[in-house]
Amino acid sequence: MGWTRDQMAAIAARELADGFYVNLGIGIPTLVANQIDPAIDVTLQSENGMLGLGPFPAEADVDPDIINAGKQTITELDRTSYVSSADSFGMIRGGHIDASILGAMEVAENGDLANWMVPGKMVKGPGGAMDLVAGVRRIIVLMDHVDKVGQPKFRKACSLPLTGTNVVDMLVTDRAIFRRENRQSPFCLTRLAPGVSIDELRAVTEADFNDTR
Amino acid sequence: MGWTRDQMAAIAARELADGFYVNLGIGIPTLVANQIDPAIDVTLQSENGMLGLGPFPAEADVDPDIINAGKQTITELDRTSYVSSADSFGMIRGGHIDASILGAMEVAENGDLANWMVPGKMVKGPGGAMDLVAGVRRIIVLMDHVDKVGQPKFRKACSLPLTGTNVVDMLVTDRAIFRRENRQSPFCLTRLAPGVSIDELRAVTEADFNDTR
Amino acid sequence: MVDKVYDDAVAALDGLLFDGMTIAAGGFGLCGIPETLIAAIEQSGVRDLTLVSNNAGVDDFGLGKLLRAGQVTRMVSSYVGENKEFERQYLAGELQIEFCPQGTLAERMRAGGAGIAGFYTRTGVGTLIAEGKETKMFGGEPYLLETGIVADLAIVKAWRADPYCNLIYRKSARNFNPMAATCGKITVAEVEAMVGPGTIDPDQVHTPGIFVKRLIRAASNEKRIEKRTVSAGAV
Amino acid sequence: MVDKVYDDAVAALDGLLFDGMTIAAGGFGLCGIPETLIAAIEQSGVRDLTLVSNNAGVDDFGLGKLLRAGQVTRMVSSYVGENKEFERQYLAGELQIEFCPQGTLAERMRAGGAGIAGFYTRTGVGTLIAEGKETKMFGGEPYLLETGIVADLAIVKAWRADPYCNLIYRKSARNFNPMAATCGKITVAEVEAMVGPGTIDPDQVHTPGIFVKRLIRAASNEKRIEKRTVSAGAV
Chain A
1 MGWTRDQMAA IAARELADGF YVNLGIGIPT LVANQIDPAI DVTLQSENGM
51 LGLGPFPAEA DVDPDIINAG KQTITELDRT SYVSSADSFG MIRGGHIDAS
101 ILGAMEVAEN GDLANWMVPG KMVKGPGGAM DLVAGVRRII VLMDHVDKVG
151 QPKFRKACSL PLTGTNVVDM LVTDRAIFRR ENRQSPFCLT RLAPGVSIDE
201 LRAVTEADFN DTR
Chain B
1001 MGWTRDQMAA IAARELADGF YVNLGIGIPT LVANQIDPAI DVTLQSENGM
1051 LGLGPFPAEA DVDPDIINAG KQTITELDRT SYVSSADSFG MIRGGHIDAS
1101 ILGAMEVAEN GDLANWMVPG KMVKGPGGAM DLVAGVRRII VLMDHVDKVG
1151 QPKFRKACSL PLTGTNVVDM LVTDRAIFRR ENRQSPFCLT RLAPGVSIDE
1201 LRAVTEADFN DTR
Chain C
2001 MVDKVYDDAV AALDGLLFDG MTIAAGGFGL CGIPETLIAA IEQSGVRDLT
2051 LVSNNAGVDD FGLGKLLRAG QVTRMVSSYV GENKEFERQY LAGELQIEFC
2101 PQGTLAERMR AGGAGIAGFY TRTGVGTLIA EGKETKMFGG EPYLLETGIV
2151 ADLAIVKAWR ADPYCNLIYR KSARNFNPMA ATCGKITVAE VEAMVGPGTI
2201 DPDQVHTPGI FVKRLIRAAS NEKRIEKRTV SAGAV
Chain D
3001 MVDKVYDDAV AALDGLLFDG MTIAAGGFGL CGIPETLIAA IEQSGVRDLT
3051 LVSNNAGVDD FGLGKLLRAG QVTRMVSSYV GENKEFERQY LAGELQIEFC
3101 PQGTLAERMR AGGAGIAGFY TRTGVGTLIA EGKETKMFGG EPYLLETGIV
3151 ADLAIVKAWR ADPYCNLIYR KSARNFNPMA ATCGKITVAE VEAMVGPGTI
3201 DPDQVHTPGI FVKRLIRAAS NEKRIEKRTV SAGAV
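Keeping their order, the protein sequence lines are chains A, B, C and D.
Just so you know, the first sequence maps onto residues 1 to 213 in my numbering.
Just so you know, the second sequence maps onto residues 1001 to 1213 in my numbering.
Just so you know, the third sequence maps onto residues 2001 to 2235 in my numbering.
Just so you know, the fourth sequence maps onto residues 3001 to 3235 in my numbering.
Please note that a few of the clues may not be correct.
Distance ranges between label pairs, derived from CB positions [to be verified]:
#, chain 1, residue 1, chain 2, residue 2, range
1, B, 1194, C, 2048, 55 to 63 Å
2, A, 182, D, 3094, 43 to 51 Å
3, A, 58, C, 2044, 30 to 38 Å
4, C, 2003, A, 150, 48 to 56 Å
What the hints contain is simulated information worked out from the structure, not anything from laboratory work.
Note that the coordinates shown come from a computational prediction; the quantities given were computed from them, not determined experimentally.
The beta-carbon is built from N, C-alpha and C at its ideal position, and this holds for glycine as well.
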């Protein structure tokens, strides 16, 4: 029942168009890189100052000076350029990145996103997430539909501290796909995962949404 | 009687110390480049994005892509670097330039400077002058002591629109040198040009100053 | 690879020009200006332009061409001193000018491109430039609020480009071009020569291809010199 | 030429360190960090430091060394997730942390170095980051006021330097180093290798020598890798 993480990544990957510049967050979003249609040309950006990310290196080619924002060793491509962190976030904040695909702890029906801290737990910091949601043109969230104890993560309002207000454009969970036309619109259910009924979905979803399948 | 422009430039040049980064304005200040003691190392900056200005080129070496802020063709040195205008003014506004030597229409006894417009005349614009006086650590002004009709240019208050308020640290005219310890201090006469008496100087100076020769 | 390289300036500007638009241009004086694109904008006949550029060209070259053709309504510049036609139109009330200190103009273009809505600078405090602008105290000193600039179109001139539109500028022809490249809703670049993919060292790209939506080879590289000074003439 | 090249880190830091000071450091994670200078700061025993750095190193490497030695009172960072000792000190109330969104931190360091006292960004609006900060509307949207950072000392790591202290960084080791280099009242750089004057193309300097007051050859270039991922392990 429901989609695997790779399937979720593939759904998100199909949102990317030829010529897009895209920033992928840590976690499930990383899997999107493998799912991009080879027929389209997508340039991946990493907020630590790399534009044009290549795949992981062969063991012999590991270079400690080539890492992504997840601090993983990667490789460069013939299109790659490096910039400073200030210039990298100039791309992000300035609206030059077409899409960012991020993980989340909670998404609210008004588009609010929480993905950086849990009160009472050690706070690691926002990293670049707040900048991404504030600046990138389209934000696609990939997350499990419910948390570890079965509680809904798509909520009426986020209970966790926000990363950004009204920033989510599309939500892909293991059970459903929700889209909104623009940031004044409500979320619409556009697809259910195989084996998931609308009643089952509603039972594990706190957020209101329109069913426009 | 008084100093020539080259002598004024030489006086200003003696204010520069080993290792200084210096921006020279258009007009008399340009002459300072020729007067710098070869025993000290001074790097000239031009606000159009060049650090490490060389002399004018030989005819055969003229390169339209190498100009200073006065739009004159120049040459590069083995230390030269080019930056964008934003980064160039980062150096200037951020206080990284040790001194700027500028021309002026008027200087006031409180350190105000006017050197960019004359009401009623066609305004050409401030160029980089306002940024220089706002950001460079030490501002040295070179100007004639009186205007074309013999009126004082070192005034109680500037009559012309200001380039900056309380920004002049040292004033060199064809008749005298004035310095101030800091921007809370009054200007002090520290030297008269040959053949100029203190009475003659006072007669053509509207500003108050201390005589600390 | 998405092909962003167009055959000529007319093709590259197709669909981007409209009366009343704002165009940001790189260049300082006549150095590093997008000559080919300016000529095509002149030929297009687009009117009522606001030009964001440090200078206004000279009477018959650079942005001066657009002024001479009566296509410009407003300039946002730091220095316009080399242009008689500019002066005539300005005094006749045909042209508006917003003066920006040069560093403030560069920073406003950078800010617009980087999603910075406004910033505080000491530049211009206590001068005519401060009129109508907010002042705020930081560390006991007054600073002026200046706003970011986003143009409908930005045009820039580079020295080398690869097919991904990664750009390198040459020497002091860099000047305002990198910021202009970021502050356009769409940016068109002209380049002296194309190089193959992977030819440009990734550490040495000045403007990454993300900022450039369309690219042409420059048809005109006259690079007119405003003040030819040679070593015979001092310094 | 003024000789800005020092024999070692102890000599280069001589007279610059004092208890209670603020130090800005380049680097992202363990990539591009000034290993040699950090080690010398640890050895100096200077205390009560405020560190401005995107990350806090790991327990036994990078800025984690200064944390472990109890030399740090306050961090200004975007992400400190890889450091257990950090967590222990923080939970024990021995360490303060000011979180900045990563892009805001980069911009604050750039602003401090460029004489920009403050700037407005959408980043963090409506979040905990906005608490106590001014908001201002631009184009109908709220923006947060963030302030420039100037540190008493900045330390950076470069790949190549010439004797004028013109610096080139290598690949993603560039990250926060260029901004750090501008935001110190004094900046000390360490470099993997020196090259002769005139060797670096003037168009390819990342940090011009004006920003670097003292320079050393890096004694330590361990470049520890935080997450070694290889092609066997998927893209």
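Taking the hints in turn, this is what the structure says about them:
1. B/1194 - C/2048: 55 to 63 Å: holds (60 Å)
2. A/182 - D/3094: 43 to 51 Å: At roughly 47 Å between Cβ atoms, residue 3094 of chain D and residue 182 of chain A fall inside 43 to 51 Å, so the hint holds.
3. A/58 - C/2044: 30 to 38 Å: For residue 2044 of chain C against residue 58 of chain A, whose Cβ atoms are near 51 Å apart, the range 30 to 38 Å is violated.
4. C/2003 - A/150: 48 to 56 Å: holds (50 Å)
Violated hints amount to a single one, hint 3; each of the other numbered hints is respected by the structure.
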